[in-house]
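Chains S and V supply the protein sequences, listed in that same order.
Just so we're aligned, residue 1 is where the first sequence starts under the working numbering, counting upward by one.
Just so we're aligned, residue 391 is where the second sequence starts under the working numbering, counting upward by one.
The set of hints was computed from the structure by calculation and includes no laboratory data.
A virtual CB, placed ideally from N, CA and C, is assigned to each residue, including glycine.
One or more of the hints may lead you astray.
[Said to hold, decoys possible] Distance ranges between label pairs, derived from CB positions:
no., chain 1, residue 1, chain 2, residue 2, range
1, V, 622, S, 72, 54 to 62 Å
2, S, 94, V, 825, 53 to 61 Å
3, V, 691, S, 132, 34 to 42 Å
4, S, 85, V, 505, 44 to 52 Å
5, S, 68, V, 555, 32 to 40 Å
6, S, 170, V, 681, 58 to 66 Å
[Unchecked claim] SDA-like mimics (lysine to any residue), calculated; alpha carbons at most 25 Å apart, straight line:
no., chain 1, residue 1, chain 2, residue 2
7, S, 88, V, 898
8, V, 919, V, 582
9, S, 86, V, 814
10, V, 672, S, 79
11, S, 83, V, 919
12, S, 50, V, 706
13, V, 919, V, 458
14, S, 250, V, 529
15, S, 250, V, 463
16, S, 122, V, 584
17, V, 672, S, 100
18, S, 91, V, 898
19, S, 122, V, 529
20, S, 250, V, 460
21, V, 587, S, 100
22, S, 321, S, 283
23, S, 185, V, 460
24, S, 83, V, 582
25, S, 83, V, 463
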Amino acid sequence: MKNIPNKLASMLCHAGVWAGAWVATAAHAVNDLPGGPAVNQLNLPEPATKIAAEQNSLHWMMLILCTVIFVAVFSVMFYSVWKHRKSKGHKAANFHESVTVEIVWTVIPFIIVILMALPATKLVVAQKDTTNADLTIKVTGYQWKWGYDYLKGEGEGIGFISTLDNAQRVMSAEGKPAGDNYLLKVDNPLVVPVGKKIRIITTANDVIHAFAVPQFGIKQDAIPGFVRDTWFRAEKTGDFYGQCQELCGKEHAYMPIHVKVVSAEDYSKWVDGEKKKLAAKADDPAKVWTQADLVARGEKVYAANCAACHQASGKGAGPIKALDGAAVVLDADKAKQIAVLLNGQNNGAMPGWKQLSDTEIAAVITYTKNNWSNKTGQIVQPADVKTARN
Amino acid sequence: MSAVLDHHGDHAHDDHHHAPTGWRRWVYATNHKDIGTLYLLFAFTMLMIGGVLALLIRAELFQPGLQVVNPELFNQFTTMHGLIMVFGAIMPAFVGFANWMIPLQIGAADMAFARMNNFSFWLMIPAGLMLAGSFFMPGGAPAAGWTLYAPLTLQMGPSMDAGIFAMHILGASSIMGSINIIVTILNMRAPGMTLMKMPMFAWTWLITAYLLIAVMPVLAGAITMTLTDRHFGTSFFNPAGGGDPVMYQHIFWFFGHPEVYIMILPAFGIISQVVPAFARKKLFGYASMVYATSSIAILSFIVWAHHMFTTGMPVTGQLFFMYATMLIAVPTAVKIFNWIATMWRGSMTFETPMLFAVGFIFVFTMGGFTGLIPAIAPIDTQLQDTYYIVAHFHYVLVAGSLFAMFSGFYYWVPKWTGVMYNETRGKIHFWWSLISFNITFFPMHFLGLAGMPRRYADYPMQFADFNAIASVGGFFFGFAQVYFFLFIVVPAMRGKGEKAPQKPWEGAEGLEWEVPSPAPFHTFENPPKLDATATRVIG
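For reference, chain S alone in the conformation it holds in the complex:
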């Protein structure tokens, strides 16, 4: 059923394109992009998931039904236009109402729309079923890029930003586009394993965006302050492309989506690689820092974790002890303050901060020892914290 309409469609396409051949810009030599748009594509894309395939057949069903009805109704009209003309001497009949006819042509369309809606219902339910996912990825829309965070499943903890390759934006601004993946090339594609159910959770940082990959049959608005979800299970490996589908400001056209579907082994390899990169990015606990660097880093750690209670002034408030001038901070034995930070004190009124890294704890202690009126000159290195932890 699909082949004939496809062939018809491509014939029509060629005719149409030749009609506009003088505008069809020969200078832009461009080929179909596998997983992205095809040149002069006429219909929904080649599906890469079961959902997309069902959307395609639903669309074919609707298109055929609508075309048949359209042709039937308008053959009647054009027959009448042709035959019932005054110029052909046709005299007007006098009928102008019939309850039976009205009822018939109310009931028949009613039945037809019900027949159309029934197969769609099943698909609505299937599209919405995001349970039992193998992998959950949070997609965050930013003006104008996508953030991907692997929340659950293999690769948990990986997170990165995906932006349009800058050369594409330059080509666009210069009005000199080139390449089959023009405006679709990104720096970091989203990588997912083939055949696994991937749940996509969308949200946004600023305005509404929409995450869409036509080949997967998904499109889900990413709404700031809210989370929504959708899912897909890619049936084949390869590269798949989409674009932001909700107006999000001036660079709306420049935040594409590139999903790389790989085999399970390749995915594991990719996860390992990413994890190593993450580890490499993390602080090396063996590093020896200068006082100034530690204080600078410590100020940030303090602001993020300590200032809520101890205050930016270090004076504390009410039952919260001051750090400015505190004995344990000024003590020449660095181990005392390290122990307080790792284990807490006063039955947890001061909680332990084991979850911070060695570097962070070292930095924040060095900061408190050398800030406000505290001028001890002492430096705590990450190695000191590491020793104290064991």
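Since the structure of chain S is provided, determine the placement of chain V on it from the hints.
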């Protein structure tokens, strides 16, 4: 009967001495015909401004890459094109038709509230200036799309406030216009003109006016909340303060979907008058047409979230809005069938009004079907916010509303000006418009199916050819309307052309054809005595 008409003519002549002349005639206008003319001229001006914006958009999209404008300005163009066409062109044009024709059709002397009528027109001028002038404000015109979705609107410059103010004014104007139309129709019909004998155009406008009164305040609420979010620290739609951006969309589309029918029901009314006139046969199923129009109006309140299938609704929500939306196909189909049954075994001629009416039925139905397809929620997952939607709503708004207005213009312009338009020129305008319209918008279906998002200043190269074809068609369509203005509207306004008889159309029925052409300044000053069908004046 001619004695009666002469009597009317004399009166008109008398009154001309009292009527203001020069600029006062227009600024102080209280005559429904003058105000109707003002509305139509205003709407045509806005149509031209919106059209220029559309052509700038098509110029940019002619080829991939940015050649004409930057993306910021592009977004301003798409936004203002939408706002100007919806609020500045289509809605005021139909109010213009209503002003001119409803009193004539129901045998009333004028609109019920003549001074309010003046006010509701003149409110449109500052609003129109503010909309069109927003390009010259710091930061340029609003660029958040005509739907003005939060929280993007919260990022806009001061022109957003001007836009909101303009929409408030236009809304107030629409509400006043609607009240005027409802009161006129319900209270001022000539004796014997019962509701179920009323011409279809008056019927569709009566229903439209109720829709307007119901939803314009909803829009006002939505944009007022946007305004207070922008300036007064509220967080209705701002998630940073606990607001909900999706709530904006619900409120907007609760207005927006009935708005769609506000823009098409009067078009149905025009077509329902033109088709019987040129088929020389009574409208088939008058009563069922009235009921179908009312059903469409009622259903229009419960389908709004089909514009929001991809925002992430629960399954039940998607199913409800999908079913409700598909139901609208039923009364719409009934209308199409009735029009065709009216043509069936008629004695048809194809003057320009009929050409536009048949063109309307044909092309509007395509727009109806391309609306039925994305009504299926899973298909909409693919089509939402793509060029398919752009194609769909231009098929219903341009080939629908605009073509119906052209049909109505050619049908009634002899009554307005007293001269016939040039039939050849009218036919050129029709075929030129019909063909270039389809060249412009038909390829957009393919672009949308292939996934090209709307409101994009630049696009992947695979979409290049169809965009080029659409752009070429767009320019031809634009020139067709310039031709219409220069070669049809201007001569008609100058009174050039063959003198129009009182009833230029053999098959036309209705009270507007019972007064001379051009219609005198005052008509039906004393309630006319009507025959049993309420289509003729007797004695």
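Pair hint outcome, residue 50 of chain S versus residue 706 of chain V [Cα-Cα no greater than 25 Å]: holds (22 Å)
Pairwise hint evaluation, residue 584 of chain V against residue 122 of chain S, where the allowed Cα distance is 25 Å at most: violated (49 Å)
Range hint compliance [Cβ, residue 170 of chain S to residue 681 of chain V, 58 to 66 Å]: The hinted range 58 to 66 Å holds for residue 170 of chain S and residue 681 of chain V, with Cβ atoms some 60 Å apart.
Hint check for residue 505 of chain V and residue 85 of chain S - Cβ pair distance inside 44 to 52 Å: holds (48 Å)
Pair hint outcome, residue 86 of chain S versus residue 814 of chain V [Cα-Cα no greater than 25 Å]: OK: residue 86 of chain S and residue 814 of chain V at ~19 Å, within 25 Å.
Given hint residue 529 of chain V paired with residue 122 of chain S - CA-CA distance at most 25 Å: violated (47 Å)
Straight-line alpha-carbon gap residue 88 of chain S to residue 898 of chain V, limit 25 Å: Satisfied, since the Cα-Cα distance of roughly 20 Å is no more than 25 Å.
Pairwise hint evaluation, residue 100 of chain S against residue 672 of chain V, where the allowed Cα distance is 25 Å at most: Within the cut-off at roughly 18 Å; holds.
Pair hint outcome, residue 321 of chain S versus residue 283 of chain S [Cα-Cα no greater than 25 Å]: violated (30 Å)
Holds or violated: residue 83 of chain S to residue 919 of chain V, with C-alpha atoms at most 25 Å apart: violated (39 Å)
Satisfaction of hint between residue 79 of chain S and residue 672 of chain V, Cα-Cα up to 25 Å: Between residue 672 of chain V and residue 79 of chain S the Cα gap is close to 19 Å, so the pair holds against 25 Å.
25 Å Cα cutoff - pair residue 83 of chain S, residue 582 of chain V: violated (37 Å)
Consistency with the previously given hints fails for numbers 2, 5, 11, 13, 16, 19, 22, 24, 25, ordered from lowest to highest.
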